[in-house]
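Chemist: Work from the hints to combine the two standalone chains into their complex.
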Amino acid sequence: MTRYPFWKYLIILAVVLPSLLYALPNLYGWHAAVQVRAPVGTILPPVATMEQWLQSAGIGVTRVKSDVQGSTFFFPNENAQGQAETLLQGKLPANAQVILSQVSAQPDWLAAIGGKPVNLGLDLRGGVYLLLRVDTGAVIKHAMERDSNDLRTFLRHENLQYLAINQTGPQVLTVEMENAGVAAQAQAAITRHFPDLSVKVDHGAVLDVSLQPEAITRMTDEALQQAIVVIRNRIDQLGVSEPVIQRQGQDHIAVQLPGVQDTQRAKSIIGSTAQLEFKMVDEQHNLAAALKGDVPPADAIYYGSNGTPYLLEKQTVLTGRYLSNASGGIDNNTGQSVVDVNFDSEGTRIFGELTSQHVGQRMAILLDDKVVTAPVIREAITGGRAQIDGFANLKEASNVAIELRAGALPAPVNVSEERTVGPTLGQDSIHDGVMAVVFGMAFVVLFMTFYYRAFGLIADLAIFVNILAILAVLSIMGGTLTLPGIAGIVLKIGLAVDANVLVFERIREELRLGMSPRAAIDAGFKKAFATIVDSNVTVLIASLVLFQFGTGAIKGFALVLTIGVLTSMFTATMMSHGIIELLLGKRRVQKLYL
Amino acid sequence: MELFKRRTHVDFMSRRWIFMGVSGLLILASLAVFLVRGLNYSIDFTGGTLVELAFSKTPALGDVRNTLAQAGFSDAVVQTFGGDRDLLIRLRTVPGETSAVGQKILNVFQQASADYPGVQLRRTEYVGPEVGKELRNKGMMALLLVTVGILIYVGLRFEWRFAVGGVVAMLHDPILVVGFFAVTHMEFSLTVIAALLVIMGYSLNDTVVVFDRMREDLRAERNANVMQVFNIAINETLSRTVITSFITFMVALALFLFGGPVIHGFATALVIGVVVGTYSSIFVASPVALWLGLRREHVLKRQFLGARDRNDGARL
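In the order they appear, the protein sequences are chains A and B. Heads up: the first sequence at position 303 corresponds to 303 in our numbering, and the numbers run straight through without jumps. Heads up: the second sequence at position 152 corresponds to 746 in our numbering, and the numbers run straight through without jumps.
I should point out that these hints are in silico values taken from the structure, not numbers from a laboratory. Just so you know, even glycine gets a beta-carbon here, dropped at the ideal spot from N, CA and C. Hints are supplied without guarantee of correctness; some may be wrong.
[Unchecked claim] Simulated crosslink set (DSS-like; lysine-lysine; CA at most 25 Å straight-line):
1. A:K591 to A:K527
2. B:K698 to A:K370
3. A:K395 to A:K91
4. A:K8 to A:K526
5. A:K91 to A:K65
6. B:K698 to A:K395
[Stated by the list, open to error] Some chain A residues well away from chain B (every beta-carbon gap over 12 Å; in silico):
7. L10
8. A14
9. T86
10. V128
11. T174
[Said to hold, decoys possible] Not close to chain B: a few residues of chain A, all C-beta gaps over 12 Å, as computed:
12. R3
13. L13
14. L20
15. N119
16. L163
17. T191
18. Q225
19. V230
20. P243
21. L291
22. V434
23. S516
24. T531
Isolated chain B, as found in the complex (with noise of 0.2 Å):
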């Protein structure tokens, strides 16, 4: 089967305003929820305890509430999590406490067997306000050297205005990703900025195959100006960019349907980084290298460098 029988020929660069300023519109908005209202961070950063406890039969909030507020845990933040028979119960770290919260909570809802029967411990996460500190240092260190990284290579191997357009289009999806964290206050853990992580390769990777083609066009294609050339380019890698992200987009489905509560949070920033990373590689990206001035000259002279035949060069 074929999707795309013969080519297309969609004129994207001469809508690239609209698309760039529906980027920077959601960019900013992205950036204006986090800031405001916050991100919901897992204990991963904040430090706290995390009890995550089993029910033979489905308990009511309000109760285990009660409970919990008896046993002196009146801030814990309780919520049902994956079926409702499972209950996640929080609290933040009250300076002095130590990691024995976890299986006092046990404890607290064993003593009231009676109303709870066959109540299971499913996990529990201890993490000290110091070690939050690191892990959150960790995360932002490791998207800075990811960033860089990727400017490295990407400098290395195309011109300078591709580079910028395609970090430019990697920082956007997970801009966008936290601004989605930020707005539905689902929870953010360090799974997330692993999610994140991969959401950045995903993006260039995608990217980088548009920009290939455009590379490689721009030498082969000397009748059409740049602009055509990227929609040439954007054009003939449409199928591949359709398929793949199709395929990337399922199986992130597949992970967020069957996956399990666990990473629940991972698949979700998965599934619209995908979406998100594949729409800015084609309208982020390449818009960005254009507005940055990019010509023939810039990709041929590279070329010319090392080329054998000079009247190559000169043919322009």
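Chain A extracted, bound-state conformation (with noise of 0.2 Å):
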């Protein structure tokens, strides 16, 4: 039948029918789709009901899916979509999240053998790039107070008598003992009691107290974990489908918000550090006396969000950890908007002894440090629910509402790099980059067809099986296509044919010196081949490094530039000489349609 061997034929279909398998996904599009779920302990209404909901408000729904973790609802355009999420919205508990989402809308065969169409990029489908810097410093700073308190009550406790204990440095405290002696028993306890912390001499009494840099290290990285916890958390509550969250370098963490068009909402909700704490408000002492500079010792100046100043007990008497939930609202007969909390056991316990020994006393609830409200205790609260009032509106008692249920960050996070892209440059870019692709791509396919004549042709299938290719690893990868991604595939639709140049040139050049057509292919894409790998090399070892540095639009762009590298040595190759030697088959060549 042929000359090339049949083992070779067996390993051209092994790589060209997965191409074209794990590449039609693509082909099918996205259903418009809102997901509903909640988080354990939250009752939903059943599925049928809600569906009743939408049919009566006149949405429709083409498909009902439920699973363990919630129900999908399909529709047939955006606009339904839309409506149904704010209806949803309005209608479910305030802990429910409904998601916006879009489902490939692949056969199921399909997706039972792992099919899925590729991602496509935030600069094509639209969203938010956050780069957040943690403020590890504010670690460090909490931890260092945290231990000079500490190391106070254990030198009480030990009967070493200190003179001062102060911080003299970001990460330094200095303790002054009473004598020489003293100190030396005091560095010997420390070091034995706080594991954390290294004690050094720094003459006579005086002793430096630093952190160990193990210690810094364990509790950067405790943050940046717990900040990824809360972020993602928090982006759970705001209805964001796909959202990727990740850390990056020391202090980074990277969100992609696909989607997701309102990025200062999106941004004020990842962004607030959401400590919330309570303080008792300090009525012995004088705030007019206290603004003018004297400040008893255990208070401090707080300020509301309007400037109102408050004279605060430095202590803080229970916080944010101890709820349990929080929700926005407006309250019945103030018209005030407002957030509920409730407490955890614990918190319902500290709470409730706090309310009894002070009733008739101001108690300050602040977020970030910030006085919300402070209002008087005027009986005992033990049911462990409170009310915060002192909101603008109903949607900033929303949004902290979530920030409470999500939990607080442990250090502040700052922007560090913001990409948001609307959604209409995204559709132009895809609009764009598609034309690009078929004019490149046209244009590569008739000059070849018309320069190499049936060789052409034969290249330009291994073009287009090149191409499948690309998507079908790229999808199977769960890699993003992103418009340099785009621009990578057309770069690479004229880089993978001079595989073929030099192969076809190759055989003209032996056709010239006399040889058989036959043994002129032969020799061709044997010549040809160390070429054609060495010069992939070169662009290989660029693109790696692309990847390797580069961030968002641009690793997409190297990751399509590696794939297809990979994949065209194959097409050029192995693939073409197969083609070209099954069109051939056994019988005598006289003339090369070359």
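Modeler: As structure tokens, then:
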């Protein structure tokens, strides 16, 4: 049948068929859908009821799917999807998640064999990319403050007389002991009891206490991990489908929110520390005197969001850590925007004790060091519920509730990079990218056919398979297609034919030297192969480095280029050769259409 | 169809000093412009805020600048982007300024909605100053790593004189492209760096094909001297060089013409890069290898070490 070994055809089929199969999901497009989920303990109405709501509001539901995580409703278009989201959000409990999502329209059998369409990058889909820097310095600072308190208690308890404990550097406490003898004892005792601290004698009776480097690394790592968990919780509350939250380097967290348009809300919810604290108002001392500089040692001045000063006791009596739930709403009696909080059992006990001991006094509630409200305690509250008022509107109250439910960030975060792409730009970029692919490809296909005739058609087929293979690998790997990625495909079309050109030119050369067609084909493929490998490796090196160093969209470009280099080496050599041999069969060939 | 029916016999090598002189001058000029005029770095590197707005009808740039100045953004740089209904507004980062500036600018135009009906936010980008510095370092690091990686690979696969020639040609290309960006003051962004890396890969890809043939011919063509062999090899690969370069140039042009404004800088760098990359693999890489004193023995020695036929090397 052919002179080309059978096993090589098997390899070709083993590459080409999966490429076709796994590139296929990209043809089907997407369904607009809304997912409804709820955290454990929140009971959602039955699916039929929710469907009933939608239908009676005139929103057509094409399909409903339920599983353990929740239900997914499919809609004929994005308009209906948006209406459904608004309606469901209004009717479902506050902590239920209503997520706009896109579900691939591929048939079930494709999904069953692991097929999925390629992810589109933020630059094509629209959405927000945030690079957040976690202020790890603040974590260390807190740790030092805690340690200096603990040291005081510890030294007093051990009967080691100290004169002063001061923080003298960002990571150094200076402990002044009574005399050198006590200092030596203290050094030994502290080293024994505080494994995280390292103690050195500065001079005489003065000790330098600092955090061990390992402790600093551990605390930073913990803070980052905790921050990621909290941010993920908050994003889940925002109702974003397929968010990506990753640690990046020492103290950065990268967040990708596809499809999110209200960046301001996303940013404020993700970025606020949401440290809820309860402190007692000091009514023994004079606020006016304190403002002039006479602040009692156990007190500090805090301000409300409108600038009102408060004289509060420094000690925090209760924090947001003891909350079990929070929800925003309007108080029926006053009409004010409020946040209702529920304490967990420990919080209920502490709050009950506090309120019963301080009836008639004022308690300040602070969010991120700003006083939200400072109501008078009228009676002991033992039910574990409290209402915080003082919010500007319902939206603000709901946002704060989301932040409180998700927990406080361990340290403040700052936005160090932000990229937002609106949906219209994404659409335009897809259009531009597709146009470039179409024109680039059309040119190459026509040129190759014109210049190499039948062999050119084989090269065209190779390009086509190559693009499908790039799509298939990208889809299976869960890679992301970005606009530079599409540019990579266009560029790859050009670079990939180079291998075919090398082979065909070589064949022509051998023919000119008087070789028979068959021998020329063999020699052409054989001699060109080493050159093809050598020249592709250089591009491969560049694209691998790019993949390593690139961020976001550029990574997408590097990924496409890397996959493309590998697949094109196969399509241009083994596959093209196989097809040529298949077409020529075992006959004697007089002339090549080259 | 065949462009090169018969083998061409262009004598490239005897004119090598002219080409090396031209390249040398271009490199010096590029470096001079780069040093004196500098690059128009995008906010990827400088830090700052960029806002792209789409208007429903073409806005007057002067009015837009006034509106911005009244809102306190007097240092904003405004320019059209893509079509003339899209505007790009750029702000340098002021210390203490946060990423909220993008939103503020949109609000400014939305509040003046009578003058700008239907203004739409296309995208915003904010890059903090410390990130900009980091990205710049990363870009430089990537360029360095590609150079080293390719130097090692070509050094292993070819004789060192070839390797140096190839790397000189490879560095030649991005320098000229950077020179172009310095002269035109087109925006130099992260994607342009990506394009530079690809150009380096492409340039060497082209060079390696020619070198491969030279190595083969140095072994085969025993009657010609090195310079003649170089000419033979370049002429033999000329049809391939022309066709591949033409195709790559055309797809880069497709990106330039249809790829849209977002990747315009990237496509521009590619188009220029393909041209200089092709030029350098013929007119820079080979002359440098020759200049470094490449002789037949340098290539044969490697073959000789592994060759079974010892007479092969002795026939010199």
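Chemist: Look at each hint and say if it fits the structure.
Modeler: Hints and how they fare:
no.	hint	in the structure
1	A:K591 to A:K527	21 Å, holds
2	B:K698 to A:K370	24 Å, holds
3	A:K395 to A:K91	16 Å, holds
4	A:K8 to A:K526	15 Å, holds
5	A:K91 to A:K65	20 Å, holds
6	B:K698 to A:K395	20 Å, holds
7	L10	31 Å, holds
8	A14	28 Å, holds
9	T86	21 Å, holds
10	V128	9 Å, violated
11	T174	31 Å, holds
12	R3	26 Å, holds
13	L13	28 Å, holds
14	L20	24 Å, holds
15	N119	19 Å, holds
16	L163	39 Å, holds
17	T191	37 Å, holds
18	Q225	22 Å, holds
19	V230	20 Å, holds
20	P243	18 Å, holds
21	L291	26 Å, holds
22	V434	9 Å, violated
23	S516	19 Å, holds
24	T531	4 Å, violated
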